[in-house]
Amino acid sequence: MTWLAEPSVAIVLTGVMVGMSAALLGSFLVLRGNSMLADAISHSILFGIALTWLLSGQTSGPLQIAGAALSGVFAVYLIELLTRTQRLRDDAAIGLVFPALFSIGVVLINVYARDVHLDEHTVLLGEIGFVWLDTLAVAGIEVPRATLTMAVMLVIDALFVIAFFKLLKLATFDRDLASALGLAPGFILYAHLTLLSGTAVAAFDAVGVVLFITFVVVPPAAAFLLTRALVPMILLAMFMAALSAPVGYALAILWDVSISGMMALVNGFFLLIAYLLRWWRGVRAGRAEALVQPPPSSSA
Amino acid sequence: MIALLSDYTLQTVMMGALLIGVLSGVLGSFAVLRGQGLLGDTLSHAALPGVCIGFLIVGGRSLEGVMAGALFTGVVAALVVVFLHQRTALKMDVALAATLGLGFALGVVLLTYIQREAGSAQAGLDSFLFGQAAAVLRRDLYPMAVVTALSLLMVILLWKPLKLMSFDPAFAAVSGLPVRLLEITLTAMIALAVVVGLQMVGVVLMTAMVIAPGAAARQWARSLSGMVLLSALFGAIAGVVGGVISALAPGLATGPVIVLTATAIALVSLLIAPHRGLIPQWYRRRHRLQHTSTDRILLTVYELAREHGDWRYRVEQGAVDAYHGMVTEPLLQALVERGHLQPVRHMPDEGAHWQLTDKGLAHAEDCAARWTGGSRLRRSEPVG
Amino acid sequence: MSELVSEDIKEPHEPALALHVEDLTVSYGDRPALWDIDLDIPPGVMAGIVGPNGAGKSTLLKAILGLVPISAGHVRLFGHPYRMQRRRVGYVPQRSSVDWDFPTSAVDVVTMGLYGELGWLRWPGRSERDRALRALDQVGMEALADRQISELSGGQQQRVFIARALVHKPDILLLDEPMAGVDATTERSIINLLRQLREAGQTVVVVHHDLQTVQKYFDWLVLLNVRLIAAGPRDEVHTAENLRRTYGGQIALLDDNDRPA
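Residue numbers (the numbering used here), protein chains in the order written: chain X, 17 to 316; chain S, 3 to 386; chain D, 1144 to 1404.
Quick caveat, the hints were computed from the structure, so don't treat them as lab data. Check each hint, because a few of them may be wrong.
Below, computed lysine to any residue pairings styled on SDA-like, alpha-carbon distance capped at 25 Å [unchecked claim]: (1) Lys1359(D) - Leu1386(D); (2) Lys1153(D) - Val346(S); (3) Lys1153(D) - Pro345(S); (4) Lys1153(D) - Arg278(S); (5) Lys1312(D) - Leu94(X).
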């Protein structure tokens, strides 16, 4: 099992798991039309990361993930609170809340945490190239800490989605029906955002918070263009996000540039391919239709 | 303090912060009114690759090159957003978030490329993430001043169409204005605000400077011109205060301090602005409660009973609250103490109910007679 | 009726009525959207709710279903609050409120109507799919069961949502503007479908926007403009005077509006 501590294996494996868990949760966010909440959450967790460190001295581990995840949910709650005053539209509410929480986080780190392994640049950009340095002994095997954390997070996310798949789908598609059937959609949606925050915290070490947004939004968007059913869309999104890790890693090594940045960029390449495929499909279908039948009428 | 203000570096910082605050305040007003605040977030994150491209092409950390590059990628990002939104079934939020993430990813990749190629000079580019007041040189003020002046001139020249676009885009289209061109102009204006703020606020937090001053000004102003001027003032205050604090406390990144100042202004405005503020609103409600007579509430109960043809009709408090637009419980309780009402129960899934007593009914009829000149029919007989 | 005091929510109240609304007030912010509505609909009728824009027609349906908070009053369906009667009620939302690009098929949408029965954790299986297909068959859409919803025409989409409301065999069906944005042929086929349901004994309540067709479609009418203007059998309610009061502009909530404070 020494291969787990191999730098390239650890890096790619961590990237794969970040991508899969982000795309899994992100699919529902994209379908709900709330993608910018990923932006808000992932910036706001810096506040939680800084605060948990100040209070407990921890920069990793379950306590830190839970504490920092709460700050992401707190941001969502603040945004709702501001919108409810009817003085701000939701874009302004989002744009006020997350920069403020992020700023408090940066200032806290600037003031109190100068020499600790915790700086705003890591949080922002991630250092996936170094994940193999920090290992943990599990049953006598050295496992990179970030890889292990992401694996646990991926399992939790997957269990949540599998258990509540039906409710997540309904709450995303038709919130009113979910409440009318007595299925507490608000609870499910908040649980989903809580897990998204937790995943963002677990991933910040690896890819940084801004690039995390890319994994949350871009693969589901690409999959959305290609499929017409929810389960294939989610699986395809997870597959593309997972694939972007080894491809991104290889390209980053080849050109000697940021690994996490390259992994994120590969997702954009998939989005482009998805668009082109759809466009091509449309062209072909259009031509076939024009040959076979007159254009369909709008009714019936 | 005087010595501080005459400090050369500090003067530079203050002037730069002033430019940023005024420009983002003015241009942000339109973004806030049009609900496009998050476009600022996407454009500013997408400015990062532009910063790198500018650096690579001009071959140094000259602000002109960096600004031109940032403006270029900002505009490209705006086009990508529009393309994703209009040419695919993807919603606007997805288009914004995807462009933001991918733009930033490209920036990070280019940043590491420059780091390798140009070595130590990268430290300078790093400051574009969170902004560094101390890095602003006197000569950097010139390009910032030029962009600010040109943008303000554009706003003045296009004032009327921009005003119409912000309040009623549908009407703007009907009245024959080139709506598309104006939309492009408004988007380009957000990109310009981002570009000027790059050096001091940084790409990550620039969205707050686009939104916070405008959101704050919206609380106070009653006209667009008032809002824009106030927003410029708020932006300037946030910029100068934040810039000076971070210059005096080295180690504090400038962007976050400016943003926190701007957020504080927005929050205070949200709370205390006279008409739209939450505290004045709360105070007005309380004032209204104190100045609504118990007779008025009694009459509402009386009229509801009359409409239902039953003087012993149980009136639910929620109905009285909804009618008067406030929580009337203290007044209803006062009526109970006076013996005009009595609390009763009705259905198990409903709230508190109140019922007229004989004394209350008589008093309500007296009031009603006094106010309608006795023209209304009286109850024919008392009910149980 | 208002004399009734029962501490027990399980005790039926007006069980002979399909829908019983008493003293219902709903307010958004400072302004009531519905004011003091008293409304009874007997079982087996096809009722139309009519009124101008902003009259609170959709709000009334949402209040019945507990989707908006109620300020005052109560609602009973066959004698019980909605949350005890979920299975007996089917709801068809406004077509414009649905995200038609959502990656889901017609039969999938209909199955969603059964999620309430399945509870939080159980996945829908074979029998749920069969029931969904039967509901689609009932509205003549079985052939298109596996189509993605964006590939359906407006009328087909509407029928899928009616099938979703029918899938758990409700006794009362609430529809929010089902005829909005569909062509004349589709409108006729939807109204025929609703008539069949009424013949089969179901109560059908429809929010309707078109005054021209009201008399032709419904046998029971509810005229609404924040207050209830009139409700009852069509021929009693459909009078020029009632329509004028419904559409004649702002309605005063109470007669004491002009009094000094």
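Open item on the list: Hint by hint, where does the structure go against what was stated? Just the numbers, ascending.
Closed with: 4, 5
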